[in-house]
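Student: Build out the structure end to end from the sequences listed, making use of the hints.
Numbering (numbering that gives the first Met the number 0), first residue to last: 0 to 189.
A couple of the hints might just be wrong.
[To be verified] The following label-pair restraints were derived from C-beta to C-beta distances:
| id | residue 1 | residue 2 | range |
| --- | --- | --- | --- |
| 1 | Ala175 | Glu102 | 30 to 40 Å |
| 2 | Gln75 | Glu98 | 21 to 31 Å |
| 3 | Glu98 | Leu74 | 41 to 51 Å |
| 4 | Glu98 | Asp71 | 23 to 33 Å |
| 5 | Glu176 | Ser69 | 54 to 64 Å |
| 6 | Asp94 | Glu148 | 17 to 27 Å |
| 7 | Ala153 | Thr174 | 20 to 30 Å |
Hints listed in this document are in silico derivations from the structure and should not be mistaken for laboratory results.
Positions of the beta carbon are idealized from the N, C-alpha and C atoms, including for glycine.
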Amino acid sequence: MRDDEYPTPVSDPEAEGLPDTADDDSTANDDVLTGREADGPEPAQLPGDRTPVAVDHFGTTAEEQLDGESLDYKLQREQYERPADDPLAGTVDPDIAAEADSEEAAAQAQLDADVIDPGPTSDPNSPVSVYDHGQLGTVADHQVGRLVEPDEGAHTDTETDNVAYDAGAAGGGATAEELAIHETRPPEAH
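Tutor: Here you go:
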């Protein structure tokens, strides 16, 4: 504590360039008044990413504290927490959430979209689809190893299509890219 008669300095660590809660637990500046909510006999750290809790809620005035908080107001603030295994507890696509009129409807729409989404499918009429043969998923489900172009990447590419053959495993586990490869049969001649 100070033994002199000088006024106690007032300091704001954030205004002086210190990070959000850099010195909240330090005893170096115990004699400095900051006006922060965290100051006091047992200062608590305040997170820098949000404002102090409940400063704009009910009960911040003497009259509100005297009257008490109504049950309707308390119930209005409550938020239902879904259990971790609830299928509606996942994240919701912002496009789906924008169309829904409530959080519950958005979660249900996201669940429906996840279940209904067929993933990669064959489209025999598509001029640009990689899966345009109608043969996706009909070949043996064995894992594809290293894919090597016919020119082995060392010569001029004479093949205009993206064609490669399975050169087998290169040792070790397959990469994510190798695991994502689907083997298809060539299109049938008409």
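Student: Indicate, hint by hint, whether the structure satisfies it.
Tutor: Now for the hints, and whether the structure bears them out:
At about 33 Å, the CB distance of Ala175 to Glu102 agrees with the hint of 30 to 40 Å. Under the hint 21 to 31 Å, the C-beta atoms of Gln75 and Glu98, about 25 Å apart, fit the expected range. With their beta carbons about 28 Å apart, Glu98 and Leu74 fall outside the hinted range of 41 to 51 Å. The supplied range of 23 to 33 Å is met by Glu98 and Asp71, whose beta-carbon atoms lie about 30 Å from each other.
For Glu176 and Ser69, the hinted distance range of 54 to 64 Å is satisfied, since their beta carbons lie about 59 Å from each other. About 38 Å separates the C-beta atoms of Asp94 and Glu148, a value inconsistent with the hinted range of 17 to 27 Å. Restraint check, Ala153 to Thr174: a C-beta distance of roughly 21 Å satisfies the suggested window 20 to 30 Å.
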